[in-house]
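J.: Sequence:
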Amino acid sequence: MTFLSTFGRFAGVSLDKGISLADLFELRRQRKTLATLSDRELRDMGLTPYDVNQEVSRSIFDVPCNWHR
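Just so you know, we're using this note's numbering here: the sequence shown kicks off at 1 and counts up by one.
Calculated from the structure, these hints are not laboratory results.
Because the structure is a prediction, the values reported are computed rather than measured.
For every residue, glycine included, the Cβ atom is placed at its ideal position computed from N, Cα and C.
Check the hints yourself; a few may be wrong.
Distance windows between CB atoms, simulated [as the list claims (entries may be wrong)]:
| id | residue 1 | residue 2 | range |
| --- | --- | --- | --- |
| 1 | Y50 | Q30 | 17 to 25 Å |
| 2 | R40 | S20 | 12 to 20 Å |
| 3 | R28 | P49 | 14 to 22 Å |
| 4 | N53 | D23 | 21 to 29 Å |
| 5 | Q54 | E26 | 25 to 33 Å |
| 6 | C65 | M45 | 18 to 26 Å |
| 7 | S20 | R43 | 21 to 29 Å |
| 8 | C65 | F25 | 15 to 23 Å |
| 9 | E26 | S57 | 15 to 23 Å |
| 10 | L42 | D62 | 19 to 27 Å |
Work out the full structure: start from the sequences and follow the hints.
T.: Here it is as structure tokens:
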């Protein structure tokens with residue numbers, strides 16, 4: 001995790017939350033899956049296409065604050 005911590009500091013993103021590389025790949029997978037949902041599925045979850053676009057366009061290092069291990 002040293003590389004990610006160093007890169008995170010360089011990029012201005014804190015990865016000192018105990019986030020592993022596997023967590024980052026899982027987040028990427030979830031965002032890709034979110035992008036494939038239909039408008040009806042998004043409405044069922046209370047999301048709009050704009051919400052999805054905002055989430056999908058976030059950096060892989062932009063990890064939600066509520067991710068704790």
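J.: Look at each hint and say if it fits the structure.
T.: Against the structure, the hints:
1. The hint said 17 to 25 Å for the Cβ distance between Y50 and Q30, and at roughly 18 Å that hint holds.
2. At about 34 Å, the beta-carbon gap between R40 and S20 misses the expected band of 12 to 20 Å.
3. In this structure the supplied range 14 to 22 Å holds for R28 paired with P49, their Cβ-Cβ distance being about 20 Å.
4. One distance hint, 21 to 29 Å for the beta-carbon pair N53 and D23, holds here, with the actual separation near 23 Å.
5. Between Q54 and E26 the beta carbons are some 19 Å apart, a value that contradicts the proposed interval 25 to 33 Å.
6. Between C65 and M45, the C-beta spacing of about 20 Å keeps the proposed range 18 to 26 Å intact.
7. Hint check: S20 to R43, Cβ distance near 33 Å, so the stated range 21 to 29 Å is violated.
8. Checked against the given bound of 15 to 23 Å, the beta carbons of C65 and F25, roughly 19 Å apart, stay inside it.
9. Against the hinted window of 15 to 23 Å, the Cβ-Cβ separation of E26 and S57 comes to about 18 Å, which satisfies the hint.
10. With their beta carbons about 20 Å apart, L42 and D62 fall inside the hinted range of 19 to 27 Å.
Of the numbered hints given earlier, the model fails hints 2, 5, 7; all others are met.
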